[in-house]
Every structure is written in structure tokens, then in C-alpha cells.
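Colleague: Sequence:
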Amino acid sequence: MTEPKNALDLFRTAYEHRYTWDSNFPGYRAEIELKQGDEVYTGQIQINPDLTVEVSQIADEEVKQSVYTQVRDVVTHRKRTSFEQAHGKNKFSLGEIHDTGALEILVEGDAMGSNYSVRGDQISRVSRVMGRMAFVINTHESLDTGEGYAAHSYDAVFRNPQTQEIIKELEFEDTFEKFGNYYIMTRQVVNSKEAEKVITTEFNYSQVKLLELVAAV
Numbered sequence: 001m002t003e004p005k006n007a008l009d010l011f012r013t014a015y016e017h018r019y020t021w022d023s024n025f026p027g028y029r030a031e032i033e034l035k036q037g038d039e040v041y042t043g044q045i046q047i048n049p050d051l052t053v054e055v056s057q058i059a060d061e062e063v064k065q066s067v068y069t070q071v072r073d074v075v076t077h078r079k080r081t082s083f084e085q086a087h088g089k090n091k092f093s094l095g096e097i098h099d100t101g102a103l104e105i106l107v108e109g110d111a112m113g114s115n116y117s118v119r120g121d122q123i124s125r126v127s128r129v130m131g132r133m134a135f136v137i138n139t140h141e142s143l144d145t146g147e148g149y150a151a152h153s154y155d156a157v158f159r160n161p162q163t164q165e166i167i168k169e170l171e172f173e174d175t176f177e178k179f180g181n182y183y184i185m186t187r188q189v190v191n192s193k194e195a196e197k198v199i200t201t202e203f204n205y206s207q208v209k210l211l212e213l214v215a216a217v
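Residue numbers (this note's numbering): 1 to 217.
Simulated from the structure, these hints should not be mistaken for lab results.
Worth double-checking, as some hints may not be accurate.
[To be verified] Cross-link-like lysine-lysine pairs, in silico, DSBU-like; alpha carbons within 30 Å at most:
id: 1; residue 1: K79; residue 2: K35
id: 2; residue 1: K197; residue 2: K64
id: 3; residue 1: K5; residue 2: K35
id: 4; residue 1: K79; residue 2: K5
id: 5; residue 1: K35; residue 2: K168
id: 6; residue 1: K35; residue 2: K193
id: 7; residue 1: K178; residue 2: K197
id: 8; residue 1: K91; residue 2: K5
id: 9; residue 1: K209; residue 2: K168
id: 10; residue 1: K168; residue 2: K79
id: 11; residue 1: K79; residue 2: K193
id: 12; residue 1: K178; residue 2: K79
id: 13; residue 1: K193; residue 2: K91
id: 14; residue 1: K35; residue 2: K197
id: 15; residue 1: K79; residue 2: K89
id: 16; residue 1: K89; residue 2: K5
id: 17; residue 1: K35; residue 2: K178
id: 18; residue 1: K5; residue 2: K178
id: 19; residue 1: K168; residue 2: K193
id: 20; residue 1: K197; residue 2: K79
id: 21; residue 1: K79; residue 2: K91
[What the hints assert, rightly or not] DEER-style ranges, computed between Cβ atoms:
id: 22; residue 1: T81; residue 2: A59; range: 44 to 50 Å
id: 23; residue 1: L106; residue 2: E196; range: 22 to 28 Å
id: 24; residue 1: S206; residue 2: T163; range: 40 to 46 Å
id: 25; residue 1: G146; residue 2: H98; range: 25 to 31 Å
id: 26; residue 1: S206; residue 2: G37; range: 44 to 50 Å
id: 27; residue 1: A195; residue 2: V126; range: 34 to 40 Å
id: 28; residue 1: G88; residue 2: E33; range: 37 to 43 Å
id: 29; residue 1: T20; residue 2: M133; range: 22 to 28 Å
id: 30; residue 1: T200; residue 2: R72; range: 35 to 41 Å
id: 31; residue 1: Y68; residue 2: D99; range: 35 to 41 Å
id: 32; residue 1: G180; residue 2: D38; range: 34 to 40 Å
id: 33; residue 1: P161; residue 2: K193; range: 27 to 33 Å
id: 34; residue 1: P161; residue 2: E212; range: 41 to 47 Å
Idealized CB from N, CA, C, for every residue including glycine.
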């Protein structure tokens, strides 16, 4: 009879099943088109081998910063960090089982007050409090790359942790394609709802080239 896994083992397994880029990741360059309503902006982005981000050819500083933030979020999700480095100082315990079958994982020792839910071998929910902001991210669908899971349909709800008032709701739909040995996002659609106003933003990436191939030309 198999011993039931404890909270640490369950969370470690799910954490290590996330799709991340390995240490040989060469970086890449791509053309970016950002659409929001009737407005369209184009430019170029580059993620370097050290995972630093460059955004160029966008004159509007606010749009440029929006693209930079989005690409930095891409790096955050794809950056490979060992479980020991990320969570080695934390303690984990089992919480409730949700209606979806996901199991709540409670965390002690995390400075940002994080809790998680695990369904199968995937992290399906992240709940975190950061100062005056609390947010919950729920993953609905993931892409199985064969080397880990990449969430492609998920939402985020931001609340005031004192009043539980909803400040903002975001829905994400991500599209990935494989270039060389790596899966790279080629499209993201974000529906943002704030104060009953819904704004849809599209990030479309084309002419994606791994930097090792650019250097070889």
C-alpha cells in the first residue's frame, strides 16, 4: 500500500512540474503588437540569456512600460528556481479539499503570506497577501509541454485584504509555440475588469527568433 503524500511532497511535485526554461535557454527576440480598443502599437522585445528584458521601438512610454511589465511576468513564470531556493525555509501543511478535487496547501514562513492549491501534479491556485493588496490566481487550463505544465487559461482577482472589496479582476488566455527546444508565448489576451469597466488588451508576438540563431546569421 502506497503511503499518502504529505503537504511538502505534494507541493514539491507540483512545483517541479511547472514548465520552465533550462540553463541553456539562449533568449529570444520578437516583434510585438499591442492592441487595446482602437489603439495599436508595435515594437520589439528581447529576453536575454540572463533573463533581462529589453523593449524598443515604442515611443509611448506608458505602453512601453506595459509591455515591459508583461514580458517580465513571462520571465517570472519561466525562470527556473530550485525548490530549495524558493521554498526551502517554508513549512507546509494540508488544508481543505475543494469541490474541484484540489487540495489546499498551507504555508508557514513565507514572508508574502502565500497559500496554494494542488490538483494532480499541478499548482491550480495561488493566494497571496502583499501589504494592502491580496490576490488569488486560479488556473483553469494548462498546456502539457512534455517537460512540465504551462498555464494558458487563468484568472486573477485582487482585493483589499481588510474589507475583501474586489479592486480588479483579470482573465488571461495565453498561446504558446515551440521554437527550437523551447515553448514561447506568441499571444496573450487580457480582459481587465475594474469599477465595472472591461478593457481587453492583446499582446501578439511574431518573428520570434532564438538569439543563438540570430547570432549565427
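Colleague: Could you run down the list of hints and mark each one as holding or not?
Modeller: Cross-check of the supplied hints:
Using a Cα cut-off of 30 Å, the hinted pair K79 and K35 holds, with the two alpha carbons roughly 27 Å apart. Using a Cα cut-off of 30 Å, the hinted pair K197 and K64 holds, with the two alpha carbons roughly 23 Å apart. A C-alpha spacing of about 46 Å is found between K5 and K35, which places the hinted pair above 30 Å, so the restraint is violated. Taken as a hint, the K79 and K5 pair is honoured in the structure, with Cα atoms around 27 Å apart against an allowance of 30 Å.
A C-alpha spacing of about 20 Å is found between K35 and K168, which places the hinted pair at or below 30 Å, so the restraint holds. Between K35 and K193 the CA atoms are separated by roughly 17 Å; this keeps the pair inside 30 Å, and the hint holds. Only pairs whose Cα atoms come within 30 Å are accepted, and K178 paired with K197 is rejected, the gap being roughly 35 Å. With a C-alpha separation of about 15 Å, the suggested pairing of K91 with K5 holds against the 30 Å cut-off.
With a C-alpha separation of about 35 Å, the suggested pair K209 and K168 falls outside the 30 Å cut-off, and the hint is violated. Among the hinted pairs, K168 with K79 is consistent with the structure: their alpha-carbon atoms are about 26 Å apart, no more than 30 Å. Simply put, K79 and K193 have alpha-carbon atoms about 28 Å apart, close enough for the 30 Å limit, and the pair holds. Our distance criterion of 30 Å between C-alpha atoms is met by K178 and K79, whose separation comes to about 17 Å.
The straight-line distance between the Cα atoms of K193 and K91 is roughly 35 Å, outside the 30 Å bound, and the hint therefore fails. Distance hint between K35 and K197 is fulfilled; the C-alpha atoms sit about 17 Å from each other, no more than 30 Å. For the hint pairing K79 with K89, the CA-to-CA distance comes to about 20 Å; that is within 30 Å, so the pair holds. Straight-line distance between C-alpha atoms of K89 and K5 comes to about 19 Å, which keeps the hinted pair within the 30 Å bound.
The straight-line distance between the Cα atoms of K35 and K178 is roughly 24 Å, inside the 30 Å bound, and the hint therefore holds. Using a Cα cut-off of 30 Å, the hinted pair K5 and K178 is violated, with the two alpha carbons roughly 34 Å apart. Proximity of K168 to K193 is assessed by CA-CA distance (about 6 Å); at most 30 Å being required, the pair is judged to hold. This hinted pair does not check out: K197 and K79 have alpha carbons roughly 33 Å apart, beyond 30 Å.
A hinted pair counts as satisfied when its Cα atoms are at most 30 Å apart, and K79 with K91 qualifies at roughly 23 Å. A beta carbon spacing of about 35 Å between T81 and A59 contradicts the range 44 to 50 Å that was offered as a hint. With their beta carbons about 34 Å apart, L106 and E196 fall outside the hinted range of 22 to 28 Å. Distance hint for S206 and T163: a CB-CB separation of about 43 Å, consistent with the stated range 40 to 46 Å.
For G146 and H98, the Cβ-Cβ distance of about 28 Å falls inside the hinted range of 25 to 31 Å, so the restraint holds. Look at S206 against G37: about 21 Å separates their beta carbons, and that is not inside 44 to 50 Å. With their beta carbons about 24 Å apart, A195 and V126 fall outside the hinted range of 34 to 40 Å. Between G88 and E33, the C-beta spacing of about 41 Å keeps the proposed range 37 to 43 Å intact.
Under the hint 22 to 28 Å, the C-beta atoms of T20 and M133, about 26 Å apart, fit the expected range. Taking the beta carbon of each, T200 and R72 are about 21 Å apart, not inside 35 to 41 Å as hinted. Our hint of 35 to 41 Å for Y68 and D99 holds, since their Cβ atoms are close to 38 Å apart. As the Cβ distance of G180 to D38 is approximately 36 Å, the hint placing it in 34 to 40 Å holds.
Under the hint 27 to 33 Å, the C-beta atoms of P161 and K193, about 19 Å apart, miss the expected range. A hinted range of 41 to 47 Å for the beta carbons of P161 and E212 is consistent with their spacing of about 45 Å.
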